[in-house]
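2 protein chains.
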Amino acid sequence: MQKRKKSKHYHITSFQIIILGFLSVILIGSLMLMLPIAARSGKGASFSDALFTATSAVCVTGLVIHDTATYWSMFGQGIILLLIQIGGMGIVTIAVSIAAVSGRKIGLMQRSTMQEAIAAPNVGGIVRRTKFILKTAISVELIGTAVLAPVFCRDFGIFKGIWYALFHSVSAFCNAGFDLIGVKQPFSSLTSYSVQPVVNITIMALIIIGGIGFLTWEDIKNNTWHFKKYRMQSKVILTVTGTLILLPAIYFYFFEFSQMPFAERVWTALFQSVTPRTAGFNTADLTRVSEVGQMLIIILMLTGGSPGSTAGGMKTTTLAVLVSCALSVFRKKEHAHFFKRRIPDNTIRNAATIFLMYITLFLAGGMIISGIENIPLITALFETASAIGTVGLSLGITPELGIVSHMILICLMFFGRVGGLTLIFAAISEKASNGSKYPQEKITVG
Amino acid sequence: MQKRKKSKHYHITSFQIIILGFLSVILIGSLMLMLPIAARSGKGASFSDALFTATSAVCVTGLVIHDTATYWSMFGQGIILLLIQIGGMGIVTIAVSIAAVSGRKIGLMQRSTMQEAIAAPNVGGIVRRTKFILKTAISVELIGTAVLAPVFCRDFGIFKGIWYALFHSVSAFCNAGFDLIGVKQPFSSLTSYSVQPVVNITIMALIIIGGIGFLTWEDIKNNTWHFKKYRMQSKVILTVTGTLILLPAIYFYFFEFSQMPFAERVWTALFQSVTPRTAGFNTADLTRVSEVGQMLIIILMLTGGSPGSTAGGMKTTTLAVLVSCALSVFRKKEHAHFFKRRIPDNTIRNAATIFLMYITLFLAGGMIISGIENIPLITALFETASAIGTVGLSLGITPELGIVSHMILICLMFFGRVGGLTLIFAAISEKASNGSKYPQEKITVG
Ligand SMILES: [K+]
Ligand SMILES: [K+]
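Same order as they appear, the protein sequences are chains W and L.
Quick note: the first sequence uses full-length UniProt numbering, first residue 1, plus one each step.
Quick note: the second sequence uses full-length UniProt numbering, first residue 1, plus one each step.
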């Protein structure tokens, strides 16, 4: 925690800037989506529908009330794609990028906000970092578009094919999960491409690259194959990401998709394992997955992607820190550690707090929605986990829910994208810590 | 953590003593329950049924495969009651009590084991404490028996009535949840007494007294109404216990039992709120409660009672420490605190570890049972939460489960009663901590 001198008035923290930035973009996006030209019907969406869609796009969630391809016009889809790109990259990244490109001087306040937004370890070199992030993101998205274009051009013609390739490349890279394949069948996501290798591989690659975080790219770029030289955080992210793709894929292969032919079974198992930790596309009908499989997806959705990435959720590092904390307790070590690096005690407190917040909000939201909508609890929990993990997978109930449930999902999406701590730090004004004045007293747990 | 010099061989830790103690009593109990005279049929139970029942009794859980009243003979019921009393008071408490009463000298090792078993803050005065615990427990159980006797004597005659009063008093005080009312209708628990004020008040009082912990009694005895003078831990326990009785009762009153007449509604709401945090009696048919209500009960079951009590589960203090940790993070304090006392960082790591372990085991167990038995996930999760919280509430599936599921429940009951950390400390030999040798490195969470 840095302590900065500040005047009592007119002070706005970097956390508040991030929150206000997200809120403004959501509001502007909602108004744009209410324009008559945004919907195919030519009537414009209601405020609550527009707000839900804009929040879902900016928070890169992908939960939708209306099928994106059949309800929104090309203009509306363009707005949604723009909101995804802004939300995915982080509003501040975009803002400072523009400032940097336009040659204006960037102040310390902006740099510090940047640092919070991309979860960088320090303020130094933040502008260089931002340029690297922007360049990499655009390159990856364009490569993704180029690879996807032939498939979509074959299916939808040249113009629409290129638009589809761009839309899905950006949506996958930003882990947004919005799709336009609803023209085949509304809300069908990528199920019609479940055995198409190019679409499978490209979308999975984009999801993973987008989800491991900007700082991990830097490590990969700087240290290539020398894994030992990576930052501890990058090592943790890559290890956890790999594990959380492989293990669920094995489960899905053996227990969920056993009636499929071999090739489809492998693709489907792998894709359904990559997607729940915040991407939100699906190539299998999730309502047909067993309740145990749905619960596994809920756990993956709550876990989410990695910090400083386009992904939301509790974060892979949070889970890793908790596991490492447990191992240190089991082995009676005084400190938790990863790859021979000690984890600060403060980080463990933060991780425990985030874990508790996610579990509480996900359960409370699901129980309220299940109660007022009279739907099965597991279905409601699936939807709230999807919202708070900014995933966008759905068992199909979102369009039918009432306004209160939609508001709950909007709040959960916002919480999941902005990050619980950012939200709370923005709400509660900073104070010097004084807890240590109190004498220590033991309390027994467990 | 105390560090003690020890020889490499023949060393047995207090954690190992506690585990071995519980295991021996369970094994002896199982063998006794296999005797032909233990069952009404005169054939004796199978080993797996006897093991399940003995584990359930020693771990004061109350999950049963056979209805206690109709399957077991008076001898079998006596064995079960003895196992409940031993398990509830803690094996070590009993062992050392006997030693103390018989006038033998008690060594440091025994005192230190005692300390772990009753979660006392220090070794000093441990024998005096044990006598106080034993005296209080017996007094409370006898008072409970005396109050319940008239009701049961009216319903079942003098001899059976007194036996029933004793059985239910001990079972309630030890938070065991075993009952003999199955003579009216098997597995009906206390539903036939749902509007009987004496039974309601007495059982609830016994549950609460047994569940707040031995050390809290001491505080209440020493400081009577001077709440400010209480230990921080006692304050936390009483506050959390009160909150976790009141809030769920309000929910149950308004959302679950609204079709009942007023008096029954109040009693039922209150009783169903007191019982899930490890007692396990029920006065309402839980299969009729909504899924949201069942989820609320699952959360209460996982939370459990208070440390150093007859109750199991994750413990009220663990929940409180996590909430306090979250508040300290929100307010950017360097340390978590309660009632102007600082909580050691170590305790927060332990609490996060226990929370993670309980959630993981409860989910994993429920998912496996749901998968292999092909039952709804929420029903299976209800059963695993009941086992790991040593509660004993059931949606009625336990008797029908297969041997693998029974083994999973046995392991969860044992884990819940012994406490996850005791189990792991017993398995992993102590080592000096060396984690601090590593340099610290930041990692971003959430
Ligand atoms: K998403
Ligand atoms: K119980």
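For the record, the hints were derived by calculation from the structure and aren't laboratory data.
Hints may contain errors.
Said to hold, decoys possible - Sample of chain W residues facing chain L (criterion: CB under 7 Å; computed from the structure):
| no. | residue |
| --- | --- |
| 1 | D285 |
| 2 | V289 |
| 3 | V329 |
| 4 | F330 |
Backbone N, C-alpha and C fix where the C-beta goes; we use that ideal spot for every residue, glycine too.
So, going through the hints one by one against the coordinates:
1. D285: violated (18 Å)
2. V289: Since chain L brings no Cβ nearer than about 12 Å to W/V289, farther than 7 Å, the hint is violated.
3. V329: Holds, about 4 Å.
4. F330: Since the shortest Cβ distance to chain L is 5 Å, the answer is holds.
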